[in-house]
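Fit chain F to the given chain B structure using the hints.
This is what each chain is made of:
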Amino acid sequence: MNGTIDVVFWIMSAGAIGAALLVVTVKDVFRAALALAGSFLAVAGIFFLLQAEFVAVAQILVYVGAISIIVAFAILLTRDMGQGNQTQSSRFLVVGGGVVAALFVLVAGFVAYDTAWSDRDAALNDNTMAVLNGQYEEVTDASGEIILIASTDTDVAMNGVFSDSTGWLGGLLVRDYVLALQVLGVLLLASIIGSIALVREQATK
Amino acid sequence: MNLENVLLVSAIIFAIGLYGAMTRRNAIILLMSIELMFNAVNIAAVGFSRYTVPTALAGDPVSVTTDMVQSALSGHIFALFIIAAAAAEVALGLALVIAIYRQRETADVSELDTLRG
Numbered sequence: 001m002n003g004t005i006d007v008v009f010w011i012m013s014a015g016a017i018g019a020a021l022l023v024v025t026v027k028d029v030f031r032a033a034l035a036l037a038g039s040f041l042a043v044a045g046i047f048f049l050l051q052a053e054f055v056a057v058a059q060i061l062v063y064v065g066a067i068s069i070i071v072a073f074a075i076l077l078t079r080d081m082g083q084g085n086q087t088q089s090s091r092f093l094v095v096g097g098g099v100v101a102a103l104f105v106l107v108a109g110f111v112a113y114d115t116a117w118s119d120r121d122a123a124l125n126d127n128t129m130a131v132l133n134g135q136y137e138e139v140t141d142a143s144g145e146i147i148l149i150a151s152t153d154t155d156v157a158m159n160g161v162f163s164d165s166t167g168w169l170g171g172l173l174v175r176d177y178v179l180a181l182q183v184l185g186v187l188l189l190a191s192i193i194g195s196i197a198l199v200r201e202q203a204t205k
Numbered sequence: 001m002n003l004e005n006v007l008l009v010s011a012i013i014f015a016i017g018l019y020g021a022m023t024r025r026n027a028i029i030l031l032m033s034i035e036l037m038f039n040a041v042n043i044a045a046v047g048f049s050r051y052t053v054p055t056a057l058a059g060d061p062v063s064v065t066t067d068m069v070q071s072a073l074s075g076h077i078f079a080l081f082i083i084a085a086a087a088a089e090v091a092l093g094l095a096l097v098i099a100i101y102r103q104r105e106t107a108d109v110s111e112l113d114t115l116r117g
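Same order as they appear, the protein sequences are chains B and F. If you count by this note's numbering, then the first sequence holds residues 1 to 205, one letter each, in order. If you count by this note's numbering, then the second sequence holds residues 1 to 117, one letter each, in order.
To be clear, the hints were calculated from the coordinates, so they are not data collected in a lab.
A short list of chain F residues far from chain B (calculated; beta carbon distances all over 10 Å):
| hint | residue |
| --- | --- |
| 1 | 112 |
| 2 | 113 |
| 3 | 114 |
| 4 | 116 |
| 5 | 117 |
On the chain B side, residues computed to face chain F include the following (Cβ under 10 Å):
| hint | residue |
| --- | --- |
| 6 | 29 |
| 7 | 43 |
| 8 | 145 |
A quick note: this is a predicted structure, and the numbers were derived from the prediction, not measured. Ideal placement from N, C-alpha and C gives every residue a C-beta, glycine not left out.
Same shape as in the complex, but just chain B (with noise of 0.2 Å):
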């Protein structure tokens, strides 16, 4: 079983580099936000490969979905730059931005293989493990507050975060995020009504 999840990671993960590397490489700009939807459909392989279903979804909804189409749409109102008279890119600046992003590669890669992160499954006793995984129930301890311990019986099968963590997500975003969502509803309002501003015909042309 872990071998497999091993297999399909890499298979996403190189799926996701190289559509990657063909959008900064491939001259037709419409190729390259086909090959974008291709990543992103890569990277939300990769969420659910790391048990982050609502965030997969939502990363199919919002970017393969949306972004893709909107910017297929902006290559299609400004569709003659694409061939033409595409200037080249200096030498100088290739060179250099593939010099910083290996750096970039070599230095965080470096941090990640280096840092000695703390291992969840080591972290975890049973108690608490067994609660984020959904075999839990609720009970009121002495001072009245409702706290979670693991059940005995082990049919039960409540919404663990690990296990099924959308349920979870919901009650986050509706308690302690609810300012920052409405604000993000606030800033989202704001960048629909600019981008009509930016784009609309002038009436007095």
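Below, chain F alone, put in the same frame as chain B:
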């Protein structure tokens, strides 16, 4: 598949986006490169959420409350907010590109040098 590999993939995609943002001159491809970098950050955030635990849950906590369980999902929340912010950003960015294209007949960022001193 472990945290190190996830972070490595994330770093590679971020570096590709960085390279694209530095070298390409087409404004739309520039925006796409920025989206790639957003995606890389999301991978890292979700990866951390999957493989590490908040200190409140580690070891032998006195009691596990709902808040503590929810704190294990911070990475997902970050990723969701980044996705939404990126959607707003790309909508506005593409509107800018189209507006500039109507005026200047170009989407080449190196030709947009009106403000150069």
